[in-house]
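Student: Here's the letter readout for the chains.
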Amino acid sequence: MKLKTPLGEEILSLAAGDQVFLSGIIYTARDEAHLRMMKDGIPFDPAGAAIYHAGPVIQDNQILAAGPTTSARMNSLTGFLLDSGVRCLIGKGGMDESVALSLKNRAVYLAFTGGCAALAASHMELKGVFYPDLGMAESIWIIDVTDLPLVVGIDAHGGDIFADTNLRARKRFEVWRSGRDGTT
Amino acid sequence: MHTLDEQALRKAVTDATLACIHDAEVFLPQDVKSALKAAMERETDPVARGELANIRANIREAERLDIPLCQDTGIAAVYLTVPPQLHVSALLLRDAVLDGIRRATGSVPLRPNAVDPITRENSGDNTGVGIPVVHSSEGEDLTVTVLPKGAGSENVSRIGMLLPSQAGSIPEFIVETVLLAGGRPCPPVVVGVGIGGTFDLAAAMAKEALLLPIDTMDAYEQEICDAINSLGIGPMGLGGDTTALAVKVMKAHCHTASLPVAVNIQCWACRRATRKVVV
Numbered sequence: 004m005k006l007k008t009p010l011g012e013e014i015l016s017l018a019a020g021d022q023v024f025l026s027g028i029i030y031t032a033r034d035e036a037h038l039r040m041m042k043d044g045i046p047f048d049p050a051g052a053a054i055y056h057a058g059p060v061i062q063d064n065q066i067l068a069a070g071p072t073t074s075a076r077m078n079s080l081t082g083f084l085l086d087s088g089v090r091c092l093i094g095k096g097g098m099d100e101s102v103a104l105s106l107k108n109r110a111v112y113l114a115f116t117g118g119c120a121a122l123a124a125s126h127m128e129l130k131g132v133f134y135p136d137l138g139m140a141e142s143i144w145i146i147d148v149t150d151l152p153l154v155v156g157i158d159a160h161g162g163d164i165f166a167d168t169n170l171r172a173r174k175r176f177e178v179w180r181s182g183r184d185g186t187t
Numbered sequence: 005m006h007t008l009d010e011q012a013l014r015k016a017v018t019d020a021t022l023a024c025i026h027d028a029e030v031f032l033p034q035d036v037k038s039a040l041k042a043a044m045e046r047e048t049d050p051v052a053r054g055e056l057a058n059i060r061a062n063i064r065e066a067e068r069l070d071i072p073l074c075q076d077t078g079i080a081a082v083y084l085t086v087p088p089q090l091h092v093s094a095l096l097l098r099d100a101v102l103d104g105i106r107r108a109t110g111s112v113p114l115r116p117n118a119v120d121p122i123t124r125e126n127s128g129d130n131t132g133v134g135i136p137v138v139h140s141s142e143g144e145d146l147t148v149t150v151l152p153k154g155a156g157s158e159n160v161s162r163i164g165m166l167l168p169s170q171a172g173s174i175p176e177f178i179v180e181t182v183l184l185a186g187g188r189p190c191p192p193v194v195v196g197v198g199i200g201g202t203f204d205l206a207a208a209m210a211k212e213a214l215l216l217p218i219d220t221m222d223a224y225e226q227e228i229c230d231a232i233n234s235l236g237i238g239p240m241g242l243g244g245d246t247t248a249l250a251v252k253v254m255k256a257h258c259h260t261a262s263l264p265v266a267v268n269i270q271c272w273a274c275r276r277a278t279r280k281v282v283v
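If you read the protein sequences in the order shown, they are chains A and B. One point on numbering: in my numbering, the residue at position 30 of the first sequence is 33, and numbering is uninterrupted. One point on numbering: in my numbering, the residue at position 55 of the second sequence is 59, and numbering is uninterrupted.
Chain A extracted, bound-state conformation:
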């Protein structure tokens, strides 16, 4: 499925595990940018916006490398964005149950392959920046993306591929460990 920002209710039909291709303007934000926005307000129109958890490498106004950062660091910093109309979070590694609950009936979490910074940059064009004083990694970069390939990690109905995987892995670990207990 192809998506274009600003996003609307079309994202509500997505299910965890679906592949999507996202185009349009997205905004990078990491820890420091979230803290600044909570203090000073959101410097862009959040309605239907997509937030990308990333700290790109920029040189001469070009995006050289822009893979996702670990989204879980923003678990406790995300609620105000969803309350203000943000429709999509993009990152890697998934987010916790409180974020999954906040996403319900209004937004989705999309996963981009971690470390694939060169591939990401090949789908991106730099459009501007907020908070440049925060430095390269922590600034909010305004990026125009074309057909960025993403997987729906957490959908708007509670489906969470990361939580499901973690739960299954925990069960398998317990089985493996109890098998070893008998032999050691």
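One thing to keep in mind: the hints can contain errors.
[To be verified] According to the in silico footprint, chain A covers these stretches of chain B (three or more CB under 8 Å from chain A):
1) 47 to 58
2) 64 to 76
3) 106 to 117
4) 176 to 188
5) 230 to 238
Hints are computed from structural coordinates only; laboratory data are not their basis. We treat Cβ as the ideally placed atom computed from N, Cα and C, and that holds for glycine.
Once you've looked at the hints, dock chain B against the given chain A.
Tutor: Relative to chain A, chain B alone:
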């Protein structure tokens, strides 16, 4: 004459460091590329296959454009080997390495990642108090090896001071560390393990183990790797057959009352490069 030699040596170490960092950031070693290819070929989960395809496309794109594989260009751990007959000050070598990192920050380029731990003020050039850590040991040639490490994988690494009676539980500690990390360190990971030594040596060995070739594992490493892969965490924690590409263990003797075990997780971008210093 002596001063001139020192200057030439210093420049050669700086140049080798710069070249190493460029190589490590842009090109993955062949053993890592082969392991990712093999993982793709045996992967049965469709989402995981998509993730591995993205990773392999990314490797090609970085090489084609001569840009870093990952925007988290990391903090470099640096390993020097120094021939015993070469009388050179440790300070000169360290300064030369730091110059190489500062130059690489602008030319590779690297993301400036080094900050004060409390104020978070960025040094701007990937160096700072205590970093990079520079290790040196005796060797036949003067060589520089760099291991740039990103924070996503570094942050989920773990050290345990086990009881001496818990040697049989070491595999559980390692597998549990990968379980707790889930998708956060960008699996499929390489798991560096340091067993024994002291609190600090165990951690240093766990990182140094990431320099070992990943195309061979002994039976102990293989058993742990298989256990990790049986969890089904998969690439990026989205599920799948490949969670770890390899487990690599380094050991040292330890105090009779101690059993330190350190696990340093490395993302799929198991970046490393070595250059001989040519004066």
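Student: Which hints from the list above does the structure break, by number from lowest to highest?
Tutor: No numbers; nothing is violated.
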